[in-house]
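Model the full assembly from the supplied sequences, consistent with the hints where possible.
Going down the list, the sequences are from chains A and B. Sequential numbering from 897 applies to the first sequence in this note's numbering. Sequential numbering from 897 applies to the second sequence in this note's numbering.
What the hints contain is simulated information worked out from the structure, not anything from laboratory work. Glycine included, every Cβ here is placed at the ideal spot set by N, Cα and C. There could be a bad hint or two in this list.
Unchecked claim - Derived contacts from chain A toward chain B, CB cut-off under 10 angstroms, selection only:
no. : residue
1   : 923
2   : 930
3   : 938
4   : 1045
5   : 1209
6   : 1222
7   : 1229
8   : 1230
9   : 1232
10  : 1236
Said to hold, decoys possible - Some chain B residues flagged as far from chain A (calculated, every beta-carbon gap over 12 angstroms):
no. : residue
11  : 974
12  : 1078
13  : 1092
Said to hold, decoys possible - Ranges of calculated distance between the beta carbons of each label pair, as one might list FRET restraints:
no. : chain 1 : residue 1 : chain 2 : residue 2 : range
14  : A       : 1287      : B       : 1291      : 42 to 52 angstroms
15  : B       : 1096      : A       : 1124      : 49 to 59 angstroms
16  : A       : 1305      : B       : 1136      : 58 to 68 angstroms
17  : A       : 1135      : B       : 1145      : 23 to 33 angstroms
Protein chains: 2
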Amino acid sequence: MPEPDSNAPYNIALLGCGTVGGGVARLLLEQPQRLAARAGRPLVLRRVLVRDPGKPRDPVLPPQLLTTDLSAIVRDPEIHLAVEVAGGVDWARKVILDLLAAGKDVVTANKALLAEHGQEIFDTGRRHGRAVAFEASVGGGVPIIAALTQSLAANRIISLQGILNGTCNFILTGMSEHGRSYAEALADAQKHGYAEADPSLDVNGTDAAQKLAILAQIAFGVAVPVDQISCRGIANIQAADIRFARELGYTIKLLAEAWLDGNQLSLHVSPVLLRHLTPLAQVRDAFNAINVIGDAVGHTLYYGRGAGQMPTASAVTADIIDMAVGRAQRTFATLSLWSGKDNGVTLRSRETVRTRFYLRLLIQDRPGVLADVARLLANHGISISSVIQHEALEGHEGDTVPLVIVTHTAPTGSVLATLAEIDRMPSVTAPSVHFPMED
Amino acid sequence: MPEPDSNAPYNIALLGCGTVGGGVARLLLEQPQRLAARAGRPLVLRRVLVRDPGKPRDPVLPPQLLTTDLSAIVRDPEIHLAVEVAGGVDWARKVILDLLAAGKDVVTANKALLAEHGQEIFDTGRRHGRAVAFEASVGGGVPIIAALTQSLAANRIISLQGILNGTCNFILTGMSEHGRSYAEALADAQKHGYAEADPSLDVNGTDAAQKLAILAQIAFGVAVPVDQISCRGIANIQAADIRFARELGYTIKLLAEAWLDGNQLSLHVSPVLLRHLTPLAQVRDAFNAINVIGDAVGHTLYYGRGAGQMPTASAVTADIIDMAVGRAQRTFATLSLWSGKDNGVTLRSRETVRTRFYLRLLIQDRPGVLADVARLLANHGISISSVIQHEALEGHEGDTVPLVIVTHTAPTGSVLATLAEIDRMPSVTAPSVHFPMED
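Structure follows, in structure tokens:
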């Protein structure tokens, strides 16, 4: 392979030319001078692997670039770098392993792939002396991977808190600021192209959990299977919760969080009540943002568009430039990510994590119910910070009313056990709702 | 020189051991394993240049590291990297030029030096095949230099807006949120160690302008002498302006801004009225934040502590690691910053920049004054968006009252010319105040 620090043209194959791939192709084809100046050498798009070469595309690609034949890329000795923006896990895994074995460096935007097969892919890269870069896999245009691998390298990371799913944030913003129901806000997200026809992996928190698994590897050296991350989505948030949160001075956001305490790492994805003035609470619409606290740098935050064609293409192309300059190879060789080494950090069971909680019950509006609920909480050692129970409307006394309780800090396990008991009370008429709250 | 990609120990000399230098020394001496893991090789603090070796220090440095003799560093062939955290312009310039000529790479946190002598220093580095890194010179712990040089490298930068001076932001937060006068808020900043005994370079905007000059070089390839940046500080902001801004839905922040329009770059440092919910308006106390808009990535924001021992040491040490890994040398060689090349971008005169304005006048409370002011504005083609003139207190009719006018977008030159005329009106009893407003 030519040395990456030469000034010779740097030859790139694009695997996939959908939304993100089209954006990368646009930058490579339409901004050659800009990119050559930033990379110190021409960046040449040499091949684009597609399923259907006849499909109309924007940008229009020179037909001789298009191929349906992966082996034409794997076997082309002139190609330095393969950029995987096709998505999917099994196909992408196989292809990337082949490309690394064939001596190509790889850029990928594939979070699901890295969350599931990070170690195999990185081991293969190391074995063949090749590198993998993946800035676009988390946070779209937000350079969170560069921040953690380079800019904050002097720090022990203490915590990460991210709004990592733009779809969920768009829906929650619609509920908070425009008074929409969950269903209305979801429909609006679909209309704007922020949510897929089947939005399950976004709204159930899986997408955010995959991204959190990648960040946990970089920041804490921990390889966590995604299904071991405690994960709750946004589908059970009701307009009433949004309103009560606001009344309490809070905003509900879907957060992916990691907290290190000694050598114990707590990871979860959950709706969380954040104080209105907290920077993350101000992140609106489809934007992403990640709070990172390091022991030296203190609190930092990174904000931008978490998805979309050109923001994601910006991140992919930054990786391409880092490869062409030769920086990404050094980062890859130095950091030994997904190396399988045990650094002593273990996962903490969610039950032992202490936090404040927002609880919402539907109770019968009659004497003694609040006393019974408060007694149960007290029996579990959970103290109450505040309560909201509004007067029932005239003529509706005796109906069901919502009761909102904010707890002081308590172990998650105790709160869940108490809620299980509360949900069995005859005067509690619907399953309780609970979300963690910012301290 | 040994190749930077070897696994051999990487030897560092620290020039200066004040607040920031002490923080860097602390990381190097107290976290050797962490830093070696991130750099792929041991980072060895080999020399610390100080004025007074007898002075008590925290952390305590092994006495054999201390030296008062710069030539012992310049001539030591084992030293790979010199880290300049002494400050001052003339001494630092001379020393860095000597060190580069002697074959050392250089990390510096010195914004005043780079703003004034960037080209000489970078040319010297290039001539001797050495590199300079300077993450800590702007934004303290906020990795804005890495974002612009690497993460956003695929973008044409369209605008930068930064809260780059923590002292000013602390003072403005104290005025906005605690109702303090400017003098009270400044005294509080001094008490907290956020302002020097002589705060002039902070509060008059010079510090922010130096940082803006550095960002303008990186983002737009423009070398701007600091004294050519239109620069206003915060010392003439009154508590009344803070209150009126709030009444209008705005917060006053000292911003350093750069906007590219075609090939014309507009640069200024000024108090600006930002809408309350704008992310920058939510940046409080001594924090810094920088908005960057790129043509591909869209809006991004970077936030963190802009000063202080460990946040700044975190940035300096990230540069040290980048040097030890060999990334910083590639960035330096590729980007050709301060190269003196003309890229066609020219500075736009402030007078031609169109923006909205907040104007505050003190006028006599009698009929016709508002009509006269409005007429003058209309004569200059400036239209009024809103006006605040509260009733005078009972018994004070005929006294002086403040008149606040928000204009629609207008050329800065026209607004200034109009204000000069307004200030000559007999019924206007004090010089007018004006600040740009977010659109």
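Going down the list of hints, with the structure as the test:
1. A hinted interface residue such as residue 923(A) counts as satisfied when its beta carbon comes closer than 10 angstroms to some beta carbon of chain B; here the least separation is about 5 angstroms, so the hint holds.
2. At a threshold of 10 angstroms, the smallest CB-CB gap from residue 930(A) to chain B is about 7 angstroms, leaving the interface hint in force.
3. Of the supplied interface hints, the one on residue 938(A) is violated, with its beta-carbon coming no nearer than about 13 angstroms to a beta-carbon of chain B, more than 10 angstroms.
4. The beta carbon of residue 1045(A) is positioned within 10 angstroms of a beta carbon in chain B (closest approach about 9 angstroms), and the interface hint is therefore held.
5. Taken as an interface hint, residue 1209(A) checks out: its beta carbon lies about 6 angstroms from the nearest beta carbon of chain B, inside 10 angstroms.
6. With a cut of 10 angstroms, the hint placing residue 1222(A) at the interface with chain B holds, because the nearest CB-to-CB distance is about 5 angstroms.
7. At its closest, the beta carbon of residue 1229(A) sits 7 angstroms from a beta carbon of chain B; the interface hint therefore holds under the 10 angstroms criterion.
8. With its C-beta approaching chain B no nearer than about 4 angstroms, residue 1230(A) sits inside the 10 angstroms limit, and its interface hint holds.
9. The criterion of a C-beta within 10 angstroms of any C-beta in chain B is met by residue 1232(A), whose closest approach is roughly 8 angstroms, and the hint holds.
10. Taken as an interface hint, residue 1236(A) does not check out: its beta carbon lies about 15 angstroms from the nearest beta carbon of chain B, beyond 10 angstroms.
11. The beta carbon of residue 974(B) sits about 22 angstroms from the closest Cβ of chain A, which is more than 12 angstroms, so the claim that it is off the interface holds.
12. For residue 1078(B), the shortest C-beta to C-beta distance to chain A comes to about 23 angstroms, beyond the 12 angstroms cut-off, and the non-interface label holds.
13. Every CB of chain A lies more than 12 angstroms from the CB of residue 1092(B), the least distance being 21 angstroms, so the non-interface label holds.
14. At roughly 45 angstroms, the beta carbons of residue 1287(A) and residue 1291(B) sit within the given window of 42 to 52 angstroms.
15. A C-beta distance of roughly 56 angstroms is found between residue 1096(B) and residue 1124(A), which places it inside the suggested range of 49 to 59 angstroms.
16. Remark: the range hint 58 to 68 angstroms for residue 1305(A) to residue 1136(B) is contradicted by a beta-carbon distance near 42 angstroms.
17. The supplied range of 23 to 33 angstroms is met by residue 1135(A) and residue 1145(B), whose beta-carbon atoms lie about 26 angstroms from each other.
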